[in-house]
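> Chain residues, written in single-letter form:
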Amino acid sequence: GAVVSQHPSWVICKSGTSVKIECRSLDFQATTMFWYRQFPKQSLMLMATSNEGSKATYEQGVEKDKFLINHASLTLSTLTVTSAHPEDSSFYICSAEDDGAYEQYFGPGTRLTVT
Amino acid sequence: GENVEQHPSTLSVQEGDSAVIKCTYSDSASNYFPWYKQELGKGPQLIIDIRSNVGEKKDQRIAVTLNKTAKHFSLHITETQPEDSAVYFCAAPSPPDKLIFGTGTRLQVFP
Numbered sequence: 407g408a409v410v411s412q413h414p415s416w417v418i419c420k421s422g423t424s425v426k427i428e429c430r431s432l433d434f435q436a437t438t439m440f441w442y443r444q445f446p447k448q449s450l451m452l453m454a455t456s457n458e459g460s461k462a463t464y465e466q467g468v469e470k471d472k473f474l475i476n477h478a479s480l481t482l483s484t485l486t487v488t489s490a491h492p493e494d495s496s497f498y499i500c501s502a503e504d505d506g507a508y509e510q511y512f513g514p515g516t517r518l519t520v521t
Numbered sequence: 003g004e005n006v007e008q009h010p011s012t013l014s015v016q017e018g019d020s021a022v023i024k025c026t027y028s029d030s031a032s033n034y035f036p037w038y039k040q041e042l043g044k045g046p047q048l049i050i051d052i053r054s055n056v057g058e059k060k061d062q063r064i065a066v067t068l069n070k071t072a073k074h075f076s077l078h079i080t081e082t083q084p085e086d087s088a089v090y091f092c093a094a095p096s097p098p099d100k101l102i103f104g105t106g107t108r109l110q111v112f113p
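These protein sequence lines map, in sequence, to chains A and B.
According to the numbering used here, the first sequence is numbered sequentially starting from 407.
According to the numbering used here, the second sequence is numbered sequentially starting from 3.
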């Protein structure tokens with residue numbers, strides 16, 4: 407149980423284009439999902455908390471107009487990187503909170519490369 | 003807010019030996035402490051967690067111990083195997099719903 411999927415697993419896009427990443431909880435409903443960014447050999451950096459049916463809460467320093475988050479259902483959250491630039495290249499990981507408080511299950515991650 | 007420190011940053015052990023990773027936290031009200039294993043190019047996987055109403059939890063070769071007084075918790079892996087090689091992250095809660103992660107420990111198990 408507690409399986410989270412992400413799509414795509416990797417994507418290459420040109421500078422200036424937008425990319426959408428999907429995060430799905432496959433066997434449970436997630437009121438809350440989280441989006442993280444991870445640079446090589448570093449820890450997880452929380453970008454935003456996504457609650458179903460309401461606006462996402464962004465961490466300090468994360469541009470909400472650049473990283474658009476939509477949590478349209480209890481099993482799906484999407485992250486859209488708008489007008490991507492090479493510095494947006496990173497590993498993006500989502501997680502979903504299961505029943506237990508703070509219990510997060512992670513997706514496999516999406517490797518974004520902006521050329 | 004919560005602050006989590008994790009040590010060591012790297013750990014090398016011989017296959018069959020034990021490995022111990024330690025984390026400290028700052029918020030005495032914290033009550034949930036998970037450990038995640040992340041293999042190269044993959045998302046973190048929850049391997050064990052503990053809530054503050056117990057001092058130790060075991061699952062086969064892995065165990066987590068919690069010392070609330072000292073505000074630290076540790077991951078213990080016994081009889082290590084090469085497939086245990088990965089980066090391990092601890093975390094502690096930051097209300098209302100976030101987790102604060104440690105900086106990670108790269109564990110290498112040599113055959």
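Read the hints as simulated data drawn from the structure, not as lab findings.
These numbers come from a predicted model, not from an experiment.
The C-beta atom is built at its ideal place from N, Cα and C for all residues, glycine as well.
Worth double-checking, as some hints may not be accurate.
[Unchecked claim] Result set (DSS-like, lysine-lysine): computed pairs, CA atoms no more than 25 Å apart in a straight line: (1) B:Lys-44 to A:Lys-447; (2) B:Lys-24 to A:Lys-447; (3) A:Lys-472 to A:Lys-461; (4) B:Lys-73 to B:Lys-60; (5) B:Lys-70 to A:Lys-420; (6) B:Lys-44 to B:Lys-24; (7) B:Lys-73 to B:Lys-39; (8) B:Lys-70 to B:Lys-60; (9) B:Lys-24 to B:Lys-39; (10) B:Lys-44 to B:Lys-73; (11) B:Lys-73 to A:Lys-426; (12) A:Lys-447 to B:Lys-39.
[To be verified] According to the in silico footprint, chain B covers these stretches of chain A (three or more CB under 8 Å from chain B): (13) 423 to 435; (14) 510 to 518.
[Claimed, not checked] Some chain A residues close to chain B (C-beta under 8 Å, calculated; not the full set): (15) Thr-438; (16) Ser-449; (17) Ile-499; (18) Glu-503; (19) Ala-507.
> Next, verify each hint and record whether it holds.
Here's how the hints hold up against the structure:
For the suggested pair Lys-44 (chain B) and Lys-447 (chain A), the alpha carbons sit about 13 Å apart, so the restraint of at most 25 Å is met. Using a Cα cut-off of 25 Å, the hinted pair Lys-24 (chain B) and Lys-447 (chain A) holds, with the two alpha carbons roughly 19 Å apart. The straight-line distance between the Cα atoms of Lys-472 (chain A) and Lys-461 (chain A) is roughly 15 Å, inside the 25 Å bound, and the hint therefore holds. The suggested pairing of Lys-73 (chain B) with Lys-60 (chain B) holds, with an alpha-carbon distance near 19 Å, which does not exceed 25 Å.
For the hint pairing Lys-70 (chain B) with Lys-420 (chain A), the CA-to-CA distance comes to about 50 Å; that exceeds 25 Å, so the pair is violated. Distance restraint check for Lys-44 (chain B) and Lys-24 (chain B): the Cα-Cα separation of roughly 23 Å lies within the 25 Å cut-off, and the hinted pair is therefore satisfied. The hinted pair formed by Lys-73 (chain B) and Lys-39 (chain B) meets the criterion: a straight-line CA distance of about 22 Å does not exceed 25 Å. For the suggested pair Lys-70 (chain B) and Lys-60 (chain B), the alpha carbons sit about 18 Å apart, so the restraint of at most 25 Å is met.
Of the supplied pair hints, the one linking Lys-24 (chain B) and Lys-39 (chain B) holds, its CA atoms being roughly 14 Å apart against a limit of 25 Å. Distance hint between Lys-44 (chain B) and Lys-73 (chain B) is unfulfilled; the C-alpha atoms sit about 30 Å from each other, more than 25 Å. With a C-alpha separation of about 40 Å, the suggested pairing of Lys-73 (chain B) with Lys-426 (chain A) is violated against the 25 Å cut-off. Among the hinted pairs, Lys-447 (chain A) with Lys-39 (chain B) is consistent with the structure: their alpha-carbon atoms are about 14 Å apart, no more than 25 Å.
Three residues within the 8 Å Cβ limit are the bar, and the region 423 to 435 of chain A against chain B gives 0, so the coverage statement is violated. Counting residues of the region 510 to 518 of chain A whose beta-carbon sits less than 8 Å from any beta-carbon of chain B gives 7, enough to reach three: the coverage restraint holds. Restraint check, Thr-438 (chain A) versus chain B: the minimum CB separation of about 6 Å is within 8 Å; hint holds. A hinted interface residue such as Ser-449 (chain A) counts as satisfied when its beta carbon comes closer than 8 Å to some beta carbon of chain B; here the least separation is about 5 Å, so the hint holds.
The beta carbon of Ile-499 (chain A) is positioned within 8 Å of a beta carbon in chain B (closest approach about 5 Å), and the interface hint is therefore held. With its C-beta approaching chain B no nearer than about 7 Å, Glu-503 (chain A) sits inside the 8 Å limit, and its interface hint holds. A distance limit of 8 Å between C-beta atoms decides the matter here; for Ala-507 (chain A) the minimum to chain B is near 7 Å, and the interface restraint holds.
Against the hints set out earlier in the document, violations occur for numbers 5, 10, 11, 13.
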